[in-house]
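Colleague: Protein sequences, first through last, are from chains A and B.
Residue numbering for the first sequence follows the numbering used here, beginning at -15 and increasing consecutively.
Residue numbering for the second sequence follows the numbering used here, beginning at 2 and increasing consecutively.
Simulated from the structure, these hints should not be mistaken for lab results.
Please note: incorrect hints may appear among the correct ones.
Derived coverage of chain B by chain A (criterion: at least 3 residues anywhere in the stretch with Cβ under 8 Å from a Cβ of chain A; other residues may be distant) [to be verified]: (1) 187 to 195; (2) 270 to 283.
Partial chain A-side listing against chain B, Cβ under 7 Å, derived [what the hints assert, rightly or not]: (3) Cys8; (4) Thr9; (5) Val10; (6) Arg59; (7) Val60; (8) Cys61; (9) Lys241; (10) Arg242; (11) Ala260; (12) Thr262; (13) Leu301; (14) Ile302.
Here the structure is a predicted model, which is why all the values come from computation and not from measurement.
Ideal Cβ positions, reconstructed from N, Cα and C, are used throughout, including at glycine.
If you want the building blocks of each chain, they are given just below.
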Amino acid sequence: MTEVAWGAEAWSEVRASLDRCIKCTVCETACPVAAVTELFPGPKTVGPQAERFRTGGHSPDLSVDYCSGCGICSRVCPQEVRIAELNSRARSELKRERGAPLRDQLVARPGLLGRAGRPVAPLFNWAMANSLIRWAGERTVGIHRKAPVPRSTTRTFSYWVGHHVGTRSARRVVYFHGCSTQWYEPYVGQKVTAILEHNGFQVVIPKQDCCGLPLQSNGLFPAARKAVTKLARQLVPDGTGDLPVISSSTSCGLMLKREAREILGADSPELRSVSARTYDIFEFLLELHQRGELRTDFKPVPLTVAYHAPCQQQNQLIGKPALEILRLIPGLRLVELDRSCCGIAGTYGVKREKYEIAMRVGEPLFADIQAEGPDLVACDSETCRWQISAATGATSVHPLEILHRAYGGS
Amino acid sequence: MGTDAVVLGAGTAGMVAALRLAAAGASVLVLAEGEGGLPLAPAQMDVLGYRPQLVLDPLAELGGFLESRPDHPYRLVEADEVAASLEWFLELSAPLGYVGSPHINRLQPTALGALRPTCLVPQTMAAGDLSGGGSVLVVGLRGFRDFHAPLLAENLALANPPSGAEIRARSVEVSLLGDPRDLRPQLLARRLEERPVLAELGREIRSRLEQEELVGVPAVLGLERSHEVWQRLQDLVGRPVFEIPTPPPSQPGQRLQQHLFRALRRLGGEVRLGARASGYRASGDRLEAVRVVTAAREVEIPADSFVLATGGIGTGGITAGSDGELREEVFGARVSRGGAPDEPLVEYLATQPLDRLGVEVDDQQRPLGAGGEPLFENLWAAGATLAGAEPWREKSGEGISLATGFRAARLAGGVRA
Ligand SMILES: Cc1cc2nc3c(=O)[nH]c(=O)nc-3n(C[C@H](O)[C@H](O)[C@H](O)COP(=O)(O)OP(=O)(O)OC[C@H]3O[C@@H](n4cnc5c(N)ncnc54)[C@H](O)[C@@H]3O)c2cc1C
Chain A
-15 MTEVAWGAEA WSEVRASLDR CIKCTVCETA CPVAAVTELF PGPKTVGPQA ERFRTGGHSP
45 DLSVDYCSGC GICSRVCPQE VRIAELNSRA RSELKRERGA PLRDQLVARP GLLGRAGRPV
105 APLFNWAMAN SLIRWAGERT VGIHRKAPVP RSTTRTFSYW VGHHVGTRSA RRVVYFHGCS
165 TQWYEPYVGQ KVTAILEHNG FQVVIPKQDC CGLPLQSNGL FPAARKAVTK LARQLVPDGT
225 GDLPVISSST SCGLMLKREA REILGADSPE LRSVSARTYD IFEFLLELHQ RGELRTDFKP
285 VPLTVAYHAP CQQQNQLIGK PALEILRLIP GLRLVELDRS CCGIAGTYGV KREKYEIAMR
345 VGEPLFADIQ AEGPDLVACD SETCRWQISA ATGATSVHPL EILHRAYGGS
Chain B
2 MGTDAVVLGA GTAGMVAALR LAAAGASVLV LAEGEGGLPL APAQMDVLGY RPQLVLDPLA
62 ELGGFLESRP DHPYRLVEAD EVAASLEWFL ELSAPLGYVG SPHINRLQPT ALGALRPTCL
122 VPQTMAAGDL SGGGSVLVVG LRGFRDFHAP LLAENLALAN PPSGAEIRAR SVEVSLLGDP
182 RDLRPQLLAR RLEERPVLAE LGREIRSRLE QEELVGVPAV LGLERSHEVW QRLQDLVGRP
242 VFEIPTPPPS QPGQRLQQHL FRALRRLGGE VRLGARASGY RASGDRLEAV RVVTAAREVE
302 IPADSFVLAT GGIGTGGITA GSDGELREEV FGARVSRGGA PDEPLVEYLA TQPLDRLGVE
362 VDDQQRPLGA GGEPLFENLW AAGATLAGAE PWREKSGEGI SLATGFRAAR LAGGVRA
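With the rest of the complex left out, here is chain A:
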């Protein structure tokens, strides 16, 4: 077994990987941002190349701020140079030197916005749909007036958990639901719970806060490190230290699996333990199925569904397990959307100066969706779903919502 490094050692491995760069430029050809804007010269140029000049607290190159952090460069690199990880670090150094704008501080804290929006959800949702307010928001805060924003909800997921009577079972899993389920899409968490219970699991849902991913992608590393270390502690309530940790938010799952280690250089005993036990919901279900343990009492779902595998899901390097599971559902017409990135990359595409770039990145995907005209678009990442719906008008769902429907849910 290959040992994974943690803490400072993990980061020094990432940094050392730049010595393997042979300047082949494969990453530049695959970068979806460099393909659409002159403002970003490409992952190799700002990464393995500029990195050597980043000494003594000086960032020689500001264009690294235009990296969206989608991670495609690291995936296509034949030499295993951790390009995206290097560039994430470089972005955070830039923020440290120059300070992060209020806007970045805000979008990096979904819990803050969620908490603020919840008590006045109808008002919040109205305000977000009001073009005058959005225009003012763009001018003052720098969030693009057309950028997709989620709808706030008055009942959080943890409110539902408090009233839910779960099944008891000897087979237990821990559920890591993430912020968007908590504040914006509690029904996703309810369906995850239902699917797991239907398959005979008792679902342990500890109280949990943000994983720190938006902080990380906005370059606010110390706060991100604190967040993910705290989350890892929350995810090991007594007696659950060896259970699988199931994630339904693909980017937050990746944070626990790898980014906390490779990008943030975070480390704690709980984090190591949780990281090795974290599963994407469909990765977990597919393993069940491969052992013959997944219930397949599916009702037909007579719909055309176009599936987009988001970047952060692909970065887990587990293939497309959602596709494999959805293929089992009778009556479902499944179309695999064969495009790399929708452009949003977490909070990148909501920013005033990056919105247009993000839309251009997503154009081929949007065009395919419009040409296909499916009943639903399925995508594992919440921010990508919001982006896809805003750009195409299509209704987008988490693929597990389709599975839930096949199990007889509504």
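We have chain A; now place chain B with the ligand onto it with these hints.
Modeller: Then chain B with the ligand, alone, in the frame of chain A:
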């Protein structure tokens, strides 16, 4: 629902093997640490260019070549199967309009203006066969630093095709997109898919054209719609237009790679990039599963048959330690270093034994273990990872990958459980 065949490597060899297996009905998973040579290479399919003298009919000369090079990977494939693999490729790549024959070496200009022998080229390069001479206007783009038109034209005019025909060449440089300081090829390719940008290029070229019969442009004529872009530019210019490969990255290489990836997906196969194979599980001489590194942990992927197409030393299929020891990374297969370990590495650019390093295989393309017997009954190797070739000298890279990938799929298909 398990996987029938796992292919390691997403270069030409791996993709050919995967596509052949998938077309025969197998469920195929390609695992690759990253992309292979394709997005960097000119996407011209060489078979055999020099032995060492210029080869005119690659297929006919293969036998004679093997007499002088009995350890060459072409020994593994009958000439008929080499031809069949190229035929199949022509059919598969019809949407990119590949043309050519394994019996004829075309002579296409390189980015430096040398003439290079190759067999199959995409439609966008077809008019660039200068074996019969011709007069060419070479078009450079200001700000695109990877393509030096004056140098190219100057060298082209010095080239001597064996036909004895004369090549005349002149260069012009045009400004596009407001003359930015640094034009990158992928951005150029995308912008040229926009009609007004292409029209501007067409106008510029037309106004500079004199008596030239042909127009050579850097290979940046679009990405997904290259065929359309090329056709339209040709109409605008009024002469045959052909693309000349640029130094890496290569747009024609990317187009071909996208095409192969898509074709595999259409057959129900999957390419998983970023997934490095780190080891295996076997029982006796049967390979049961490969181990792969995911974001959180290593996992095992079981299959019935396996193809090793991890490339050579450039893409990490084979690594060299600081002690000079060579290793095949996944299975520890025996690696030939082409000569005695202490043989001195002499003259710069001269032939040296290390050039031919690679994995040793039996006549069934099965990698050998330390004792010289096949490692596993259900593992086959293909492409640049095989020992014995000097592709850059012979001009044989893609041909070896095509032919051995094609055959590996046939051999692997035979053992489906
Ligand atoms: C710059 C350049 C120019 C070229 N020009 C020409 C030309 O003009 N004419 C010509 O005929 N050929 C040319 N070639 C060669 C050609 O493009 C291919 O490289 C050649 O066919 C070899 O292909 P391959 O599939 O064997 O290996 P590669 O293309 O090297 O692919 C190897 C694959 O294996 C993967 N891999 C390695 N280790 C592991 C592991 N442990 N686990 C999983 N995956 C792994 C790599 O990531 C990669 O996907 C050129 C190549 C390059 C790089």
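Colleague: Look at each hint and say if it fits the structure.
Modeller: How the hints compare with the structure:
1. 187 to 195: holds (count 3)
2. 270 to 283: Coverage by chain A holds here, the residue count being 7 at a Cβ distance below 8 Å.
3. Cys8: Hint holds; A:Cys8 Cβ to chain B Cβ min 6 Å, cut 7 Å.
4. Thr9: The hint holds - A:Thr9 has a Cβ within 7 Å of chain B, the shortest such distance being about 4 Å.
5. Val10: holds, 5 Å
6. Arg59: holds, 3 Å
7. Val60: holds, 5 Å
8. Cys61: Check passed: Cβ of A:Cys61 comes within 5 Å of chain B, closer than 7 Å.
9. Lys241: holds, 4 Å
10. Arg242: Result: holds, 4 Å to nearest chain B Cβ.
11. Ala260: With a closest approach of 6 Å, the A:Ala260 hint holds.
12. Thr262: holds, 6 Å
13. Leu301: holds, 4 Å
14. Ile302: Hint on A:Ile302: holds, closest Cβ of chain B at ~5 Å, below 7 Å.
No hint from the list above goes unmet by this structure.
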